[in-house]
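Chemist: Here is what each chain is made of, one letter per residue.
There are 4 protein chains.
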Amino acid sequence: MNGKKSWYIVDGYRPPENKGGAEDYVGHECIMILNCNDEEAHVEIDVYFPDQEPVKGIPYQVPARRIRAFRTNDRNVFKDLELDVGRQYSLNIRSDVDVVVQYGRLDINQDNMAYMATLGYSD
Amino acid sequence: MNGKKSWYIVDGYRPPENKGGAEDYVGHECIMILNCNDEEAHVEIDVYFPDQEPVKGIPYQVPARRIRAFRTNDRNVFKDLELDVGRQYSLNIRSDVDVVVQYGRLDINQDNMAYMATLGYSD
Amino acid sequence: MNGKKSWYIVDGYRPPENKGGAEDYVGHECIMILNCNDEEAHVEIDVYFPDQEPVKGIPYQVPARRIRAFRTNDRNVFKDLELDVGRQYSLNIRSDVDVVVQYGRLDINQDNMAYMATLGYSD
Amino acid sequence: MNGKKSWYIVDGYRPPENKGGAEDYVGHECIMILNCNDEEAHVEIDVYFPDQEPVKGIPYQVPARRIRAFRTNDRNVFKDLELDVGRQYSLNIRSDVDVVVQYGRLDINQDNMAYMATLGYSD
Numbered sequence: 008m009n010g011k012k013s014w015y016i017v018d019g020y021r022p023p024e025n026k027g028g029a030e031d032y033v034g035h036e037c038i039m040i041l042n043c044n045d046e047e048a049h050v051e052i053d054v055y056f057p058d059q060e061p062v063k064g065i066p067y068q069v070p071a072r073r074i075r076a077f078r079t080n081d082r083n084v085f086k087d088l089e090l091d092v093g094r095q096y097s098l099n100i101r102s103d104v105d106v107v108v109q110y111g112r113l114d115i116n117q118d119n120m121a122y123m124a125t126l127g128y129s130d
Numbered sequence: 008m009n010g011k012k013s014w015y016i017v018d019g020y021r022p023p024e025n026k027g028g029a030e031d032y033v034g035h036e037c038i039m040i041l042n043c044n045d046e047e048a049h050v051e052i053d054v055y056f057p058d059q060e061p062v063k064g065i066p067y068q069v070p071a072r073r074i075r076a077f078r079t080n081d082r083n084v085f086k087d088l089e090l091d092v093g094r095q096y097s098l099n100i101r102s103d104v105d106v107v108v109q110y111g112r113l114d115i116n117q118d119n120m121a122y123m124a125t126l127g128y129s130d
Numbered sequence: 008m009n010g011k012k013s014w015y016i017v018d019g020y021r022p023p024e025n026k027g028g029a030e031d032y033v034g035h036e037c038i039m040i041l042n043c044n045d046e047e048a049h050v051e052i053d054v055y056f057p058d059q060e061p062v063k064g065i066p067y068q069v070p071a072r073r074i075r076a077f078r079t080n081d082r083n084v085f086k087d088l089e090l091d092v093g094r095q096y097s098l099n100i101r102s103d104v105d106v107v108v109q110y111g112r113l114d115i116n117q118d119n120m121a122y123m124a125t126l127g128y129s130d
Numbered sequence: 008m009n010g011k012k013s014w015y016i017v018d019g020y021r022p023p024e025n026k027g028g029a030e031d032y033v034g035h036e037c038i039m040i041l042n043c044n045d046e047e048a049h050v051e052i053d054v055y056f057p058d059q060e061p062v063k064g065i066p067y068q069v070p071a072r073r074i075r076a077f078r079t080n081d082r083n084v085f086k087d088l089e090l091d092v093g094r095q096y097s098l099n100i101r102s103d104v105d106v107v108v109q110y111g112r113l114d115i116n117q118d119n120m121a122y123m124a125t126l127g128y129s130d
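Protein chains in written order, with my numbering: chain A, 8 to 130; chain B, 8 to 130; chain C, 8 to 130; chain D, 8 to 130.
Because the hints were derived from the structure by calculation, they are not lab data.
This structure is a prediction, so every number in the text was calculated from the model and none was measured.
You may find that some hints are simply not true.
It does not matter which identical chain is used: a pair holds within one copy or between any two.
With a cut-off of at most 25 Å between alpha-carbon atoms, the simulated DSS-like pairs for lysine-lysine come out as follows [claimed, not checked]: (1) Lys63 / Lys11; (2) Lys63 / Lys86; (3) Lys63 / Lys12; (4) Lys86 / Lys12.
Let the hints inform the model, and build the full structure from the sequences given.
Modeler: Right under this line is the structure:
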């Protein structure tokens, strides 16, 4: 096995991008997907909100034997869906082959950055 | 499956709210519960302490297909139970349908914030 | 089930206690054990090192329905064993009843604190 | 059981080493492997990238009953493979006996350090 087919990221929350004293870093969230298989992974992303119906089935691909990452402000991935800065949401990331998913957030809202990292949850 | 029915948060600890140099953030803890099911989740929260009997069965609801979050100083949730700043406690979060639970803490006790994030533990 | 009987903390490392600009916090590591059972948990702690044989079977108790925590500089727990500041070690925490174990570190080596938190690993 | 035989670290990323105001710490990543068995663990490390084929089978040993750690800029481990600062990669750590794997990163890109810690993922 090379991971799982369904992963949950509960605490999605976009930090501001350019506030604070950071010179080299930009505040962001990043979803990283590792595909150790010899086939491409066809991924679908469902986005859940506190106060509206989920947006389901956003497509994403990870080539065979690659790690690929996207930021949550990437309109090539999320297209019509704008995940606003400061709004809570969750992700369910579903793949047709086993993958491993990790989430990272870098917050530079103050003069010094704060990191947050969690593995996704899989069952 | 969309998660588990029982989750543990071991390290509950409320940071001070307004100390330090933060302008945009308030020190807090937050419990986030993702319900990907088509039924409402009826949740019960048990609070464990170092030195007294647990307080059990605090009710909370998460609507179908929603992420909901509460802070540990929310008296609408905890009602008579005051979780004091600086006191250690643990939570067991039990649901009648599968959910995924994550915990976050933002500490602004000093001039710059410190993040802490963990998935709950489920068995 | 209320957790597991064996937990691993891989990255044990005591930070300095009083360096940096912290006024309210003391640099420390903390091991937190949640016992939701109606019986006392009899715990044994094994300490592993990079370059010497492990020290095994340090006893610890967690009363029924309680969360208990100890710091790694607590000589009441570790007695003859001094875990030096800045030395790498790992812990295996074994209990006769199911418990949940979390690890936290607060580093104040610089002017602002840095948090680190992980669940233990259980199998 | 003393862990698992295969672990994934998705978010590998080397921070700069000497930037920022840190005096006592050097920015780094560290992989920690705990071997609680009575036999030596023969480990092989596979490194995955966003844009090239993986480098597989880098050998590493952990003696019986020891915790061992290596930094990702350690050329004794990675030999010909230079993991560049600021480049994304992932690791699959495979062992012939059960081990537990944790990942840590210390970023001192700004005046104050930021910690990141996760258990590896095992299946």
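Chemist: Are the hints correct? Go through all of them and say.
Modeler: For each hint, the structure was consulted:
1. Lys63 / Lys11: both (19 Å within a copy, 21 Å between copies)
2. Lys63 / Lys86: within (13 Å within a copy, 36 Å between copies)
3. Lys63 / Lys12: For lysine 63 and lysine 12, both the intra-copy (16 Å) and inter-copy (24 Å) Cα distances are at most 25 Å.
4. Lys86 / Lys12: within (24 Å within a copy, 34 Å between copies)
In summary, the structure agrees with every hint in the numbered list given earlier.
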